[in-house]
Amino acid sequence: MHHTEKHNFEPKIIAFVCTWCTYAGADLAGTSRMQYPANVRVLKFPCTGRIDPVFILKAFQQGADGVLVSGCHPGDCHYIAGNFHARRRFAAFRKLLEFVGVDLGRLQFSWVSAAEGGKWVEMVTDLTERVRGMGPMQEFRELALEEQWSGAIDTPELREAYNSI
Amino acid sequence: MLLSTETMDVDFVRKVEALSGTSVRRCFQCGKCSAGCPMATFMEHPPNRVVRLLQLGQWQRILAGRSIWYCASCETCSTRCPNKVHLASIMDALRKLSWDAEGPSKESYVQLANRLFLQNIRTYGRQYEMRLAAVFNVKSGQFLKDLMLGPKLISKGKLKMFHQKNKNMIEIEKIFGRIEEMRKNGEAL
Amino acid sequence: MTPKKTLNYAYYPGCSLHASAGEYDLSTRELFKKLNIGLTEVPDWFCCGATPAHNVDELLSLSLCAKNLELAEQVEGDLAVACAACFSRLKTTQHVLSESDVKRRQVEKAIDAPVPLTGNVKHLLDILARDLGLEQLEQAVTKPLAGLKVACYYGCLLTRPTDVPNLDCVEAPTIMEDILKAAGAETVAWSHRMECCGANFTLSRPGVVIQLSHAILDSAKEAGADCIMVACPLCHGNLDIRQKEIEGVYNTEYAMPVFYITQLVGLATGLGADKLGLDALIVNPMPLLKEKQLL
Amino acid sequence: MTNSIDTSIYTAITEAIQDEARRILSERSVIAVVGYTAARRKGSAQPVVITQADDAGKLIFSAACVNNLAVYLTKAKKEIPKGGKIGIVVKGCDLKALVGLLGESQLKREELYLIGVPCAGVLASTAQPARELTGDTIAPKCRECDNHLPQGCDFVPDQRPVTLELAGKYSAEIARLEAMTPAERWAYWKEQFKKCIKCYACRQVCPFCFCEQCLCDRNKPQMVETTPRPAGNTAWHIVRAMHLAGRCAGCAECERVCPMDIPLNLLNRKMAKELKELYDYEAGFEVREKGPLAMYDEKDDQSFIK
Amino acid sequence: MSRIGVFICHCGENISRTVDVERVAAQVGTLPGVAFSTDYKYMCSDPGQGLLKKAIQEQRLSHVVVAACSPRMHEKTFRKAVESAGLNPFLCEMANIREHCSWVHEDREEATQKAIEIVGMMVERVKKNRVLPTITVPVTKRSLVIGGGIAGIQAALDIADCGHEVVLVEREPSIGGHMAQLSETFPTLDCSQCIMTPKMVDVANHPKIKLYTYAEIEHVEGYIGNFQVTVRKKARSVDEDKCTGCGVCMTKCPQKKIPNTFDRNLGMRPAIYVPFPQAVPNTPVIDRENCTKFKTGKCGVCQKVCGPGAVDYEQEDQLIVEPVGAIVVATGFDLYSIEEKPKGSPIKGYGEFGHGKIPDVIDGMTFERLASASGPTGGKILRPSDGREPKQIVFIQCVGSRAREKGISYCSKICCMYTAKHTMLYHHKVHDGQAYVFFMDARTPGKSYDEFWRRSIEEEEAVYIRGMVSRLYQKGDKIVVMGSDIAVGVQVEIEADMVVLATAVQPQKGADTLAQKLGISYDKYHFYSEAHAKLRPVECATAGIYLAGACQGPKDIPDTVSQASAAAAKVMTLFAKDKLEREPIVAKVREAGCVGCFYCRKVCPYGAVEEKEIRDRQGNLIKVVAYVNPGVCGGCGTCQATCPSKSVELDGYTDEQIVAMIESL
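Residue numbers (the numbering used here), protein chains in the order written: chain R, 152 to 316; chain H, 277 to 465; chain A, 771 to 1065; chain U, 530 to 835; chain G, 2 to 666.
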């Protein structure tokens, strides 16, 4: 990640967006020449319904410090109901991530319509700044660095078993 | 309120419409008249409700109250009505019909002032403010009302002790007389 | 300075101008004289019936006004009216009678004469701003009312209802401001320029007047006005004569002189206080006029 | 402390199961019965498939009958003869899994003959099979069991289990973890997942892991790292929990078979709890066409979405 | 190994002002698989596209990435260019370095770095792109119209007039629907039958319209352009070919005391009947439930008197399969019933209005029949109880509608207007009568509608009372109406002779069952759902199925006719081509991995997922897997995200492509 003098940590933000609303909203931010942090990388999907929770996991594993998932407002889905399905899926997935100890401050969901260039800018800016404040996503990075095979095989039972051998 | 063709006095409403030259049925109760009425706070039936009661032929309810006497004739309602319901004229008509019916209104001061005003015209042809105020105070039993204002007004020449009477008084009496005659003959309401 | 055309009017002063609003009558006559506009008082005019008449007896009200219109026919020229209420009644009469044949026949029977419906009834404001013209008026100004902040108060009857007086825009008139600007004064924008003052409740229910006029005075004061200008004797009575009382009830102080339009325009054309009846005002205008060096 | 649980009805249940299995096999209304039989070690039990009425006597039910046999109808079905109705012995917890599988088109009700077991509980995997069933030796899942008497079966022995009110271990543990900070929870799970040796026993035993090719085995693309390193382990367990969300009914077989004692069912039960709170959905009580993550309501909670 | 060509556009200075395009080109050129990279002033210009095509040919490029503006702008342009150079268009991707980069960042270094990453990401993606052939589907240029009310009739006539065959299916013995029952129509007060019956005759005589009355949809298979519809033609017991419509059977039928449902049970009809005199077709039908012959086996009068010998007691239901390319659903509405437990409805009735047990409390449609010149009273307004003329009549609005408690929260849209019409008709017919209307709001948004409503008050002297009625009860031969006038703020009581309830408009009974057969979605009230409330109001989300009239939501006649014509226009648009072409962004099932859990089918918004049986050579069933019908798939990919084993993949957005992008970052 590119560093500037302004901040000593520039987070990597990955955005998963649907093509009809949020991607178009981000386009509108562009045509309106709004400015926002350059940290975000946008991945276009046909619909939030296509966004698999595994991608979010994968993004974190690949070193993302923050993930933004954004699509059409409820009722506006180009595919009728893709975003409704996505809403449930993500509601459950974020609970799971929270339970395994991922700070949900790094994961933002939003509805940004094709008319909401300003909201796109706000979403990206807010998440970037928030994650910048939180620092790098160390958790998954540390995991990736750890090579040991089951380093914690140290239960009393096993110890007893080994000792008896 | 029992509604039926008997309880809804359509004849009365027709009289109001004839006198005021405006349609009561046109009103769709948007409430704009009441919204802008400077006197609405003093009324028990705000202007829109007066029209509504008329639509239902319930004139007794209107005349029993003081609403019509608290209308200042500022014409705000008529000016702003989206349906061209000339409510100020309806109020005029209602007051007239109230007088005709010797309506049991709760409001007596305003009626008294009006009566004195018209008497003055009949007597003097023009308004005699000093007399109007004095007689009003006497008749309304408010002997001390505006007492403090009197001397000041007199000193400023605003209350003339003597009235300039019209020289052509016979004409005014004739007008009053003819109107009374027409009414007696049923030629006018 | 001479007007391009000679202007002559029949003049209907109305009852108040011969009594409590004597200064309005005086200043009108003096101003018109100064402006070379002829005024001939309608002989033997009657009361127009004012609000009480139409309130309870429209036929009487219409008949009284019709009679006055008939009397005015004797005098050359359009009919000039100073009082807003008289103006409203005369205009309304013309309007109602031209709309309703039934009522016209009744009125003609009552006054035993045909009703002239074509004659022009004009308020002073109309004569000053349009017949004379603002340009002419400006030329006549010798002592501009520089620095005087005036709240122009129209009240109810000058413009309402739609299509009857046809003096100016029914909701946002500017004729008073136009005239005063020609006279060199400053006008303030304020919210209560067309709210009701309580009108003839001054006699029967003064409490109403106190409440409503208080709101008007408050609004004018808040807008930064030095004084209020009116064109109606009743409005004047409520704002000027009852001002002290209102101050007492609401425990406040306005000291807000209330002028008639003719008094202020008269001042601008160089007429003296005596010719404008300034001493008849209850709220003393002298300190203000002196402060602004307008006397 | 006497917190022993009455398992005396298990003998009667065993007899009833044997009679019923004998009847349906001899009538040929089923071609096989999946049940439990005694294993070599004293008091222990193991799954068995019998196809002959004469073998019905082999069937037992005891506190050691912990296995969820539903898995034998999906992944392990190669062991089971094809071409007819199959009888299966189910405890309440196993039935919940079966109900889920019916909803996911993996089984057809008309092809099954369900022999329900009124169950007071089974032994924890850590307890010796011959131990008495008590509040201490009972399996954790039984402590929070809400389905002692399976509903909707074709045959249920006429017995009423006497149960003991026991404090829930899973719910307590979930509450403990929820009270932690994210960092503490991460540390906890990191230690747990580190232990994982990717033996996939959890996957093998789960009735719902019926995919022919697991997402986590795919290499084109490799969605989840396959090596048994902490990063891959973590990903596997997250994906597993997510895929079972709204489906797992808590038979806890994953946890029972885990050689590294990872509290796997905690994740599943946490998800079940969340889905209950979010969408008022509980898996396993009725055959439903759609699970909570396969349907939606326009008014679903979206307070987490900006 | 791929040979990718990367083309960086300056977009004049729009990109190059903030992004160092040369550096991007150079940097990207070093990526594995990139065979060629360059930058150019305007890639979308003719020379720009020329450059692209030349490079593809000269450099034998296998894939192309154009880094320029948003793909929403020019993806089609470049894919076309790529195609004309001989590559499959789906091997070309765009990297958005303008809207998402140069225009939103000021810092040149930051923007350049970001652009390099964006382009790199698309390079990794395009490597995984596959050749996708355009999908074509043949179109059967016949259409099915379900419902023979004004909506169905209008749609059928419009389509047939364009020269395409229409199969019109009507459940009742005659077409005409509710409009045939109406007396006059707002806002013009012309007679409903006068404007309706000519259209019905047009349908009967149209050479391109095949009419099935007394028929229902049994089964629907297939997809856009290729539906197979099975129609159940119920046994009419009268041979339509032989019957001359003379009507002798009806006059001779001894059983004449069957309530006439067309007249809202106000009149009687025989067991062999046409619903109303102008029925189309004018062929009677035997009501087998009430026919003595069918009940006891004795009678048979109609058969004896029928000259042409058309009466056939042995007739059976017929199943007919019709191949069609498009379907217009126009099943219309029904009225809410205030009965205690309306059949097949979970909603509660109106106990406070007497649960439908007070004889002179009727609904709007019954009033229509009373007012209709061809109705049971010959157009006289008479009380059902004693046949007297009501002198005080009360109309109550919003009965059921806008009443969440009753299960209906929507506005029924037509009641304000038809009640205004009713007050007028009443005033015209009962000069000394007085009409009262209790209402909450008058909703009159339509051309000449508000004027019409005002007319009912100002000229026809209806008394409108703003405020709802709390309760009705019978008192002697009067009905006491307890209401309130909220403008006055008083309770109002009227002793009425008759009360007319503007009951809510609901979808036709069985709307949900039909929707399931068609695979279209419906809301909680069972109104059919349009694909987009604003921009696709006549199309269903299921391709090839269109909506007309009140089956989609309460509608008056002008709106219904407009929507019917719009639906017909949509059908014509479809029929304008011989084959349907569509973007190949559709889901495909990897059968080897599919275990048939059908999660994909559960979440598919389009109903595109079908079951497919996999059999071995001997024909033994191995397994049942999912199959995505490419003609129906909308391409959202929700199935793939849901599939546990990822055995269904959305072309153009495969996991490989997406993972490649994530991994590139």
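One or more hints might be untrue.
Said to hold, decoys possible - Taking lysine-lysine pairs in the PhoX-like style, the calculated list, with each CA pair at most 25 Å apart, reads: (1) U:Lys-819 x G:Lys-613; (2) G:Lys-407 x G:Lys-392; (3) U:Lys-835 x R:Lys-246.
These are computed hints drawn from the structure, not numbers from a lab.
Index of numbered hints that the structure contradicts, given in increasing order: 2
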